[in-house]
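**Student:** One letter stands for each residue in the lines below.
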Amino acid sequence: MLSYALRRSLIVLITLVAASAIVFAVLEIVPGDPARLMLGMNATEDAVQALRQQMGLDQSVAVRYVAWIGGMLTGDFGRSYTYAVPVIDLVRERLVVSLPLAAMALVLSTAIAIPVGVFSAARRGTAADTGVMAATQLGIAIPNFWFAILLVYLFAITLRLVPAGGFPGWQGGVWPALSALILPAIALALPQAAILSRVTRSALLDVLGEDYIRTARAKGLPSGLVLRRHALRNALIPVLTILGLQFSFLLAGTIIIENVFYLPGLGRLVFQAITQRDLIVVESVVVLLVATVVIVNFLVDLAYAWADPRLRRR
Amino acid sequence: MTFTCKSILAGTALAFALTTSALAARTDLTLAIQLEPPHLDPTAGAAGAIDDVTYANIFQGLTRITSNGAVAASLAESWRISDDGLVYTFKLHDGVLFHDGTALDAGDVVFSYDRARAEGSTNAQTALFSAIESVEAVDDLTVKVTLSHPQGSFLYNMGWGDAVIVAPESADTNKEKPIGTGPFKFDSWAKGSAVTLVKNPDYWGEPVALDKAVFRVISDPAAATAALLAGDIQAFPAFPAPEAVIQFENDPRFTVVIGSTEGETILSTNNGKPPFDDVRVRQAIAHALDRQAIIDGAMFGFGTPIGTHFAPHNPAYVELVELYPYDPAKSKELLAEAGYPDGFEATLKLPPPTYARRGGEIIAAQLREVGINLEIIPVEWAQWLDQVFKAKDYDLTIVSHTEPNDIGIYVRDDYYFDYHSDELKQVMAELDVTADEDKRSELLRKAQEIISADAVNGFLFELPKIGIWDAKLQGLWHNMPIQADDLTDAYWAD
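Sequence order for the protein chains is B and H.
Residue numbers for the first sequence follow the numbering used here, beginning at 1 and rising by one.
Residue numbers for the second sequence follow the numbering used here, beginning at 1001 and rising by one.
No wet-lab data here; the hints were simulated from the structure.
From a predicted model like this one, the values you see are computed outputs, not experimental measurements.
There's no promise every hint is true.
Said to hold, decoys possible - Here are the computed lysine to any residue pairs in the SDA-like style, where the Cα-Cα straight-line distance is at most 20 Å:
| id | chain 1 | residue 1 | chain 2 | residue 2 |
| --- | --- | --- | --- | --- |
| 1 | H | K1175 | B | G78 |
| 2 | H | K1191 | B | R92 |
| 3 | H | K1390 | B | G40 |
| 4 | H | K1392 | B | R92 |
| 5 | H | K1175 | H | E1206 |
| 6 | H | K1392 | B | T44 |
| 7 | H | K1390 | B | L57 |
| 8 | H | K1332 | H | G1371 |
| 9 | H | K1177 | B | P86 |
| 10 | H | K1392 | B | V30 |
Take the sequences, apply the hints, and build the full model.
**Tutor:** If you want it as C-alpha cells, here you go:
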C-alpha cells in the first residue's frame, strides 16, 4: 500500500512539472506583448520598453521559468503584471467566491440527482422513468448560460427576489453574499444534476441485477429497504467518482457563469488574465487548477486501492 | 406602561427618521463600466477604464476637458502665455489638499511633468509632453513651463488624464491606492467586482452632491441589461448592448442619451502593401462601402457616418462622406483601372469589439460585390497589437481610434497605416506651432481633406456613447469628448 502510494505520488509530481512546462511554453508562443497591451496604441516604443524592463519581461525565457518554479515551490506565486499585486492574493480573493459557489452547486446537484436517480431506477421502464430520463436529457442539452439568463429574468428582474449579479463580499454579511450565489449555483447545478442522476440510475440498475440483491429479496426484505441498504450503498462508488471529478470541473468551469452574473471568481480572473496577457497570473492559476485535479484524482485512486487490493500491484 | 410609552416613542422616532430620509435626496450611486481598470494610475497606462474611474473624480490636472470638449481651468486658477507662445505661467489654486492631507504646491506640478517626460517613463501618452523644454516652480503656487516651440494644443494636452498632477509621496502607490486632489477619494477596490469612491470632505472646490459612488464591472451585454432592469445599478454611462436600447427607450424609469465620442471607427488599410499602395484601389474600397448599412447592421443604427478621421461634433469637422459615395459600379471601374478587373483576395483581421466583428462581416459582403474577396481572421487584442499594430502584418482591419483629436497619427512615419504624405506633414507641422483658433481650424480642415482624398482608410462611423441611467439621476455626461465618467455634477433629483 505504501509503495503504491509512493509510486502514485511520483506520477503526480511528474504530471505537475510537465503541466507547468507546457503552460509556460504555450503562453510564450501565444502572440501578444503585455507591456504594449497596457500602454495602448499611442505609447512610444521607449515607454513600452521601459515597462517591459519593469515587469522583468526582458529576461530570457529560461530565467523566467526557473524563477517562477522556484518561487512557487517557496509559496511565492509572483506579482500580477496588470494588477501589480501578488498573484496569491488575487487567487485568495477569488476563491472566496468560486469555492462556495462550486460547493453550493455540488451540494445542490447531489441533493437533486440522487433521489431522482433512485426514483427512476426503482420504476425502471415505467412512464415515470421515461419522463425523468427525458427531463435529464433536456437538462444536459440546455446550455447553462442560457438557463442562467432565464433565471435572472424571472427571479431578479420580474420578482426582484435576488440581485441580477455581482458579489457584495462576505464582509457585508452571510445572507447578501449567499443570495448573490443562489442563481449562479442553480444554473451550474442543473446540468450536473442531470448527468449525475443518469449515472446514479444506471449504477443502481447494475447493482439491482446482482445475486445478493436477489438473495435479499428472497429472504423477504421490503423492496424499499433493499434499495436503500443494499443497492444504493454499493452503487454510490461510481457516483462518488463522478462527484470528485465534477468538483474540479465546477471550480474551473465557471467562466461563462461568472460572466453572466459578473461574479469576481477564479474563472473570470483567468479569462481576464488571458486577454490582458497577464502571463504570470494565467500560469500560476492554471498550475493550481491542474494540481487540484491531479490531487483529487490521486485521492480517488488511493480510495480505489483501499477498496480493491488487486489494484495495488498495478 | 413604561414599556408601551417607550415603544410608542421609539416607533414615532423611527417613523420620523424614515420620513426625513425619504424626503432627502439619495446620495449614493452605483454605476457600471464594461472593462475593469488594470490599476488606478492614469499616468501609467492606456486602459480607458482607469480614466473612467479616476478622471476629474480622483485626479485633476492643471486644466481639464469639459463635457462639451472645451478646455477649462482645474488646479490652475489662471495662466499667462508669453507673446511668443513659448512660456506658460500657471497660477495654482490656494489651499488644495491631496487625499493624504499634504498640500498641493508648484513642486508637485514640476514632479508630475518631469516624471511623465523622463527617460524610462511608462506614461502611455509621452507625446503630450514632447514640446516641454523645462518646468520650474517660481514660488509655492506659480509654475513656469517653457516649450521648445509654440504648441497650439498645449493647454488641451495638459487636460488629459495622463497629465494629472500627482504627489511624489504617493506616485509609486497610486496604482493600488490613488491619492489625488479631486472631489472623490478612493475607498476600496474589490478586484474583479467594484471600485468604491467616497466624497472628499476637504475638497478645495464646490462640494459634490454624492457621498458615495460605486463603479461596478459588468462586461457581458446581457448581464448589463439585466443589472439595469433589476435596479442593481442606476447608470451605465457607456452601455455595451445597442440591441437592447429600445427596451429602455420605452421604459419611463430610464433616461437614454445617445451621445458622441472621440472614437473614429475605420477600416484601417495597410497603405504600404500592394495592392493597397495604389490610391485607386483605396478609392475603390471607399466607393464599395455602404456606411449606413454597416451602422444599421453592426450598431443597430447608432453611430454617425464619417468621411474622414475627425469627430463630427468638433467645430472644425468637415463633412466628407459624399466625397466617395457608395457606388459599386464606380468602384469596379477604379479597380479595373488599377489593374484588378476581377478583383483580388485579401485578409481582414478583426479585434474582439462587436463593432469590429459584426461590422467585418458586413464589409466583407460589401467588398465581395465589387470582386474583393476577404478572408476574415478574428484576433484578440493582444494579437492585434502585436501583429497588426506593431508588425504591420495585415491587409485590412477594423478599429476605433478613441483618443481625442488624434489626426496627428497620419504623419507618424512608423504608424501601422504606413501612409506618408509630405503635404499633410507640412499642414500638421504648421498646426503644431499655431495657437490662433481660426487658423488652427483651417489647418485641421485641410488635413481632413487630404486624408479623405487619399482614402487612406475606409472611414466608417463615429462610435456612439449610449448612456442609460435612472430617470431621476441628473448631471452625467452626455458625450464623451475624453474618456471619463465625471461625477462632479451628478445628483439625484427628488
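**Student:** The structure should be examined with respect to each hint, and the outcome stated for every one.
**Tutor:** A quick look at each hint next to the structure:
1. Between the alpha carbons of H:K1175 and B:G78 the distance comes to roughly 17 Å, so the proposed pair stays at or under 20 Å and holds.
2. Between H:K1191 and B:R92 the alpha-carbon distance is near 11 Å, which keeps this suggested pair within the 20 Å criterion.
3. The suggested pairing of H:K1390 with B:G40 holds, with an alpha-carbon distance near 11 Å, which does not exceed 20 Å.
4. For the suggested pair H:K1392 and B:R92, the alpha carbons sit about 40 Å apart, so the restraint of at most 20 Å is broken.
5. A distance of roughly 27 Å separates the Cα atoms of H:K1175 and H:E1206; the hinted pair therefore is violated under the 20 Å criterion.
6. With a C-alpha separation of about 16 Å, the suggested pairing of H:K1392 with B:T44 holds against the 20 Å cut-off.
7. For the given pair, H:K1390 sits about 17 Å from B:L57 by alpha-carbon distance, which is consistent with the 20 Å threshold.
8. Among the hinted pairs, H:K1332 with H:G1371 is consistent with the structure: their alpha-carbon atoms are about 8 Å apart, no more than 20 Å.
9. A hinted pair counts as satisfied when its Cα atoms are at most 20 Å apart, and H:K1177 with B:P86 qualifies at roughly 15 Å.
10. Restraint check for H:K1392 and B:V30: the C-alpha separation of about 18 Å stays at or below 20 Å, so the hint holds.
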